[in-house]
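Residue numbers (my numbering), protein chains in the order written: chain P, 1 to 149; chain E, 1 to 182; chain F, 1 to 111; chain Z, 1 to 498.
What the hints contain is simulated information worked out from the structure, not anything from laboratory work. The C-beta atom is built at its ideal place from N, Cα and C for all residues, glycine as well. You can trust all of the hints, since none of them are fake.
Residues on chain F that point at chain E, a partial pick, calculated with CB under 7 Å:
no. : residue
1   : Tyr3
2   : Ser4
3   : Gly11
4   : Tyr15
5   : Val24
6   : Ile28
7   : Ala31
8   : Ile32
9   : Tyr35
10  : Leu48
11  : Pro53
12  : Leu55
13  : Ile64
14  : Val78
15  : Val88
16  : Arg93
27 Å max Cα-Cα, derived BS3-like pairs, lysine-lysine:
no. : chain 1 : residue 1 : chain 2 : residue 2
17  : Z       : Lys498    : Z       : Lys54
18  : E       : Lys169    : F       : Lys97
19  : Z       : Lys163    : E       : Lys169
20  : P       : Lys14     : P       : Lys67
21  : Z       : Lys163    : F       : Lys97
22  : E       : Lys169    : P       : Lys62
23  : Z       : Lys498    : E       : Lys121
24  : P       : Lys67     : Z       : Lys25
25  : F       : Lys105    : Z       : Lys163
26  : Z       : Lys443    : Z       : Lys108
27  : E       : Lys130    : Z       : Lys498
28  : Z       : Lys108    : Z       : Lys25
29  : P       : Lys62     : F       : Lys97
30  : Z       : Lys440    : Z       : Lys428
31  : Z       : Lys425    : Z       : Lys443
32  : Z       : Lys366    : Z       : Lys428
33  : Z       : Lys108    : E       : Lys169
34  : Z       : Lys487    : Z       : Lys54
35  : Z       : Lys436    : Z       : Lys366
36  : Z       : Lys477    : Z       : Lys54
37  : Z       : Lys487    : Z       : Lys205
38  : Z       : Lys25     : E       : Lys169
39  : P       : Lys67     : E       : Lys169
40  : Z       : Lys425    : Z       : Lys366
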Amino acid sequence: MMTNNQPGMTLIVKTITRLTVGVILLYGIYIVLHGHLTPGGGFAGGVIIALSFVHLMLAFGKEVALKRFSMAAASVFESLAGLMFLTVAVLGFLGGWFFLSIYGKGEPFALFSAHMVLLSNIAIGCKVGAGLFAVVLGMLILTKSEGKK
Amino acid sequence: MNMLDIQILLIMMVVGAVIAVESRNLLSAIVAVGLVGLFQSLAFLLLMAPDLAIVQLVVEILGIVILLRATIKRDTISPEGGFRFLPVFAGIVLAAPIVIAACLTALELPAFGHPLMSVAKTYIADGLAKTGAGNIVAGIILDFRAYDTLGEAVVLFTAVIGALAVLRKVGRKQKEERSAAE
Amino acid sequence: MIYSLCLILFGVGLYCVIAKRNIVKIIIGLAIMEYAVNLLFVLFGYRLNGSAPILDKIQETKNIVDPLPQALVLTAIVIGLATTALLVSVAIRIYEKYGTFDISKIKKLRG
Amino acid sequence: MNHNLIPLFVIIPLAGTFLISLLGKRVRRLPDTLSNLCTLLLLALSLWCIPAVKASGMIVYKVGGWVPPIGICMVIDGLTCFMLVIVNVISFLVTLYAIRYMEAYTSKEHFHTLLLLMIAGMNGVVVSGDLFNLFVFVEIASVASYALVAFGTEHEELEASFKYMVMGSIAASLILIGIALLYAQTSTLNMADMARVLRAHSSPKVVLFVSILFLAGFGLKAAIVPFHWWLPDAHPAAPAPISAMLSGLLIKTLGVYALVRIVFNILDPTRILPVFLFLGALSMLVGVFLAIGQWDFKRLLAYHSISQVGYIILGIGLGTPLGILGGLFHLLNHSIFKSLLFLNSGAVVYTTGTRDLQELGGLREKMPVTSNTCLIASMSIAGIPPFNGFWSKLIIIIACIQAGHPVYALAAVVASIMTLASFMKVQKYGFFGALKERWKGIKEVPFTMALSMVILSLLCITTGLLVIPGVAEHFLKSAADVLVNGKEYATLVFESVK
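Just chain P, with the same shape it has in the complex:
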């Protein structure tokens, strides 16, 4: 499959990837931010974000992808996003109940409405994206080191 010397796939794949990867990432972010209005939400958007990095990694080899987003960064991001979601939940105590929505609801159908849903969606999106990317990366690193043996 890999005929050229460079890591990753052929030139055609690389060129197409360069064009599409940003669009996919943006689409993922769009899905996350509009989760409370349109279908989608944190999970779908997070998986799309992870897929955009996976796409980059499959096309260019893991070094290029790692330069953009390293393993340690992925796991830090994931834990931070987890803490953020938990904080959103714990802040509800200010209003008296765990997970109480204290953030106001905003104008219906506006982008910045349903603040609790929006905040949670962002946290989940970051978490899912970083976490799944870390898993694929972990698998790839192991596969590479196995090949060297």
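Assemble the complex: chain P is given as a structure, and chains E, F and Z must be docked to it using the hints.
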């Protein structure tokens, strides 16, 4: 009649599943499973669940990528030489009664297309007013039942940490290293 | 009828897990079982000629499908993905140690 | 209004877990300290529950302020409180033990993250009052345990973990089908509301099939006999503190507790109880027969877990107040002595590096703390009089005879004698006898490991006192009452919501 297209999709899913189960080549089995997932995504769309259709589609893509990474450059031919009676028999004996009993039980439930919706009525009536989210499903998972979603995010977090723990290169320290640490 | 097709799908998955001797096949069987259960859940919530549970400014429809099973299935799909990721990681490690995906050849453990 | 403390059972371990995974690599001592701190806090919190439940009977916490059938609720009653105390006592002692034991493995921060996630999952299962939420937390604890079983990443561990994971996923699918059927029937997910709807109108066929699905699903998690064959691989393969958690807590919270809660409080127990009795007796005998021929210390203990869970299921399956009391009491006792035994086996592995009983011998001389605590635990599990195991087995046997099942009583006695025989073997080959040449240089285990074993052995001696009338009412009886008066659950929940 809306039911016919869902039934056709379901039959296609069963056929795809049988191909995935019986195919000798692991790569084609994985592709067949991807097909089943795609049909399921379509079925969700027809069943008026667009959120699920999107999630199913992207999860399916990621799942296939992960599965392909597991099999590519490894054994792609399933090594089952010939027909072995015992496992096939055990599989049929265990799976068939569950399916038949479940089908009989399903007859007792409310007919297809007429759910009871006692709790769900509240969500539909008050969802927008109480959560501010136009997408009722998002309102449910992130406000009414947000605690479930916390659990779900934690399951994913657990699986990620677990996978990273399982994939680390050396599991145990050597004896010398251990005594040095003490 | 429509439920039984879905349950047959579940049966195919269960059969695959029990009868097959290849790790990847077992993972595929588990995935098929998950699909069947998720679909069953959504089928239970479907309402004839209902519309999707997404409100917008203009129309005010009364006949909306049950949104709760959809929310639950969303959770179930993600749980399924998490389990699959962990299964595949362990499978990769098993392949690295034993050099095969055939579980009848992986027999360090008795019973 | 101290009710705001209830969600802390889930918040504390989750916060701990995120912090450890965030900072664990940078700050060296943080994983140990933080996870011990979290479990200590949880322990204090669970002890606070006892007087709180006694004062108000049942506490219902509305998550997000939504009234129960709409939102999720957390319920604390006698049984929950009982399970919370067990879970948090054992997990505190296990984390204490793990500080030194896990020095042998790499990436401790992953270990502590997963351990806290498992504790969070178990606490979440116990406090949950919503069926789907219970399922989600069952999955958290299970996924964490799958990864922890494979933590050593050696051949056997990976294989055992894979087997365990496949069985666990099948169980999860069966449970989810059960939940889906119940949802289609009742159109609600809150357990109390479900019970109310099912009582008003339900089809007996659906209830029976759902009970069978839950029995199979949670039975797989609890390793009741026809579903037991993953356990003897998975439990020995894990690091010793995790074996203690799995055998002592996980099979009980995810398996027995969840099953019993659903069957007694939501569904109708009368038609499924004879199956409980039969499977319980079968597990009891099969487990002990398989255990007696084992030479691997941890594998032997794992087979005994199957047999002891059989006792619990048998006791609860009788359905009489005394039987349920005995079953729950045995659950408490088993989690104490089985965790102690697994920690002992871990101590043996820590010093000698082997768990084959034929290679050991005479460790008494060199490891007095380990061998004495192990002796106490062995006598407890075998049912020698002053220790706790005796009392609970006695109650179960008396309850069997009272309920008119002398055959099951006989089976319990036989299993008890066989247990005694197999633990005499452990003591004889492992700790008594002449010290072998190659073990001359070994030392006793470090202080924190010894401390947690000593505390557990003291608990073995003292928990026998819980059956004394006057003491039992506060703790044990209130837990058993929840199951005995299973049908009142729904009314109680809705009364305390108001």
